[in-house]
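Whole structure, please, built from the sequences with the hints as guidance.
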Amino acid sequence: MATREASAPMPPEPPTRTTGSDAAVRSDRSPWNWLLFIPIVLPLIVALFNAREPELFGFPRFYWLQLAFILVGVGTTTLVYQMTKRR
Amino acid sequence: MWRDHLVEIIITATLFLTVSVMGFVAARWRRPDDLMHLDEWGLGGRSFGGWITWFLVGGDLYTAYTFVAVPALLFGAGATGFFAVPYTIIIYPLVFLVLCRLWSVSHRHGFVTPADFVRARSGSSTMALLVAATGIVATMPYIALQLVGIEAVLKAMHLPGGWPLIVAFAVLAAYTYQSGLRAPALIAFVKDILIYLVILVAIIYIPTKLGGWSAIFGAADAKFDQTPSATDGILLNPANQWQYITLAFGSALALFLYPHSITGVLASRSRDVIKRNMSALPAYSLLLGLIALLGYMAIAAGVKPLPGSTAGSVDNNTVVPVLFDTVFPDWFAGIAFAAIAIGALVPAAIMSIAAANLFTRNIYREYMRPHATPAQEARVSKITSLVVKVGAVLVILLIDPQFSIDLQLIGGVIILQTLPAVALGLYTRWFHKWGLVAGWVVGMGLGTWMLYSIPNAATKRAHFGGSAFPLSKWFDPTSLGMDARTTVYVGFIAVLANLVVAALVTLICRSTKVADGVDMTAPDDYFADEGDPRITGPSVDELDEGRVPAR
Chain A
0 MATREASAPM
10 PPEPPTRTTG
20 SDAAVRSDRS
30 PWNWLLFIPI
40 VLPLIVALFN
50 AREPELFGFP
60 RFYWLQLAFI
70 LVGVGTTTLV
80 YQMTKRR
Chain B
0 MWRDHLVEII
10 ITATLFLTVS
20 VMGFVAARWR
30 RPDDLMHLDE
40 WGLGGRSFGG
50 WITWFLVGGD
60 LYTAYTFVAV
70 PALLFGAGAT
80 GFFAVPYTII
90 IYPLVFLVLC
100 RLWSVSHRHG
110 FVTPADFVRA
120 RSGSSTMALL
130 VAATGIVATM
140 PYIALQLVGI
150 EAVLKAMHLP
160 GGWPLIVAFA
170 VLAAYTYQSG
180 LRAPALIAFV
190 KDILIYLVIL
200 VAIIYIPTKL
210 GGWSAIFGAA
220 DAKFDQTPSA
230 TDGILLNPAN
240 QWQYITLAFG
250 SALALFLYPH
260 SITGVLASRS
270 RDVIKRNMSA
280 LPAYSLLLGL
290 IALLGYMAIA
300 AGVKPLPGST
310 AGSVDNNTVV
320 PVLFDTVFPD
330 WFAGIAFAAI
340 AIGALVPAAI
350 MSIAAANLFT
360 RNIYREYMRP
370 HATPAQEARV
380 SKITSLVVKV
390 GAVLVILLID
400 PQFSIDLQLI
410 GGVIILQTLP
420 AVALGLYTRW
430 FHKWGLVAGW
440 VVGMGLGTWM
450 LYSIPNAATK
460 RAHFGGSAFP
470 LSKWFDPTSL
480 GMDARTTVYV
490 GFIAVLANLV
500 VAALVTLICR
510 STKVADGVDM
520 TAPDDYFADE
530 GDPRITGPSV
540 DELDEGRVPA
550 R
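Protein sequences, first through last, are from chains A and B.
FYI, the numbering for the first sequence is 0 to 86, going by numbering that gives the first Met the number 0.
FYI, the numbering for the second sequence is 0 to 550, going by numbering that gives the first Met the number 0.
Bear in mind the hints are in silico, worked out from the structure with no lab data behind them.
Treat each hint with caution, since some may be false.
What the hints assert, rightly or not - Partial list, computed: chain B residues near chain A (C-beta under 7 Å):
| no. | residue |
| --- | --- |
| 1 | Trp212 |
| 2 | Phe216 |
| 3 | Ile244 |
| 4 | Ser278 |
All values derive from a computational prediction rather than experimental measurement.
No residue lacks a Cβ here, since even glycine has one placed at the ideal position from N, Cα and C.
Right, dumping it as structure tokens:
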């Protein structure tokens, strides 16, 4: 996934027209966004969860840990949302 | 005999009728001045707040397919079917920023479909047409898959699969025609409440009847130990773990490229609504994980899937309805069946609207009637939504439902090929328009060929036997330290090839100074929010006709 802004060597000229009053000020870039990589990468590391032990409430690790990753996902996206919210 | 299931049939039919009435009444809900406009019929007025968006997108992404096919996969193959959980974890952070940008630029320019965006961003009507066609083709089997959910329920109640299915879809087609996106948005509330109720009861009640979770996992483990197949089991093995990862990642990339997901997102009111939803939607993932485990509960309960459409075959998609029928009292089984059936209606409606919008905006308006009025667009979309549903019914009546999950995986492979133009296009304008086209052609060609070359051992079919491609067809995986039987997800390889070709052709076009398309968007468009005005600059049509100098 590209994470950089457009950096075309020869960007074509956009047609002239009016843009928002605060053009070039707004952006959605923030260092907090890097946290979003945690819930993307974690569920892809099979070695973390592909085992039976330890079991939790009768669930092998494979199942309960992946379900627990959902909470990691919720936590991270909520944190990033709160930290990057426009005020 | 269907008479033994009379209570279930009555309850299911009553709930089905109730939501059908809601579907028609939805035309008056949040009533617009004029429904004959795609922003209204196709996007619900672009005004949905947090709650409606949560129900709508949740109802859109977690479909009847979820209820039926994912547990069926765990029932049949074990751990590998659990890919649905990492898949739906990865997706939200992945699209957290990307879809906000799509919302912003669409808000600014009035885009209704992903192909609208590609048209303006790449300046290539060819690429826009390819994106639209891909979206329509990928959505058709997905709608058909929803019918598989309804069909599984009908089978469990021992009703015939033909006419009730046609009646259900005819009713769905009628209220979608009438109310547009407002119908699934309103019905989604009922659908999700029913589904949450059924699953909460199921995961508490069924394990107590079966001797607890340890007994359930134990029964599944014992079953897979007895099968001759080496690739099933309650854990992954070296042969299928790459498939697991690439399938989870590839499916996550694909899901938000589907036109119906984008429709759900564009219908929301603001960027903030989308971001909040990306934190709240994983509640459905938890539900999905628990639903998946119904497959193991079915094993522990000794459920035997009902016969498939061909003699001697079994239809694994029936295991969840049969499980409900076995363990629940009739009245609650009726509610559970209704939840699955209604769960099919919401996504099917949104999908047909999305496909219809693609046809209207990117084929009808682009090639047949360039200066169509909003009312004409809405009319064409409404009619197309009917045609799309007829197509889906035909697909399901002509193709063995056992392959529903693979059909959807094929759709996933091809929709992934729009990734460079749509998702990367939101971040960079670096790709040349012919690079995007060339990448799409190669990705589609490779993906389709790979799917074609995969046999299905279980059903003895030589082609289209799934989306797990054995690397040993190309090279010896052990030379990379992988298992000799390692398989990977076709879509993942196809989209990598797509990206490489797109980049190479871009470099070639740049060095040979082949003219690129004109980008109609400005950097600030990607951050626009609620309240920002829509752009009233030269339209794409005007640029094409040379009325406005492009450079």
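Comparing the hints with the structure gives:
1. Trp212: Holds. Min distance 3 Å.
2. Phe216: holds, 6 Å
3. Ile244: Holds. Min distance 5 Å.
4. Ser278: holds, 4 Å
The structure meets every hint from the earlier list without exception.
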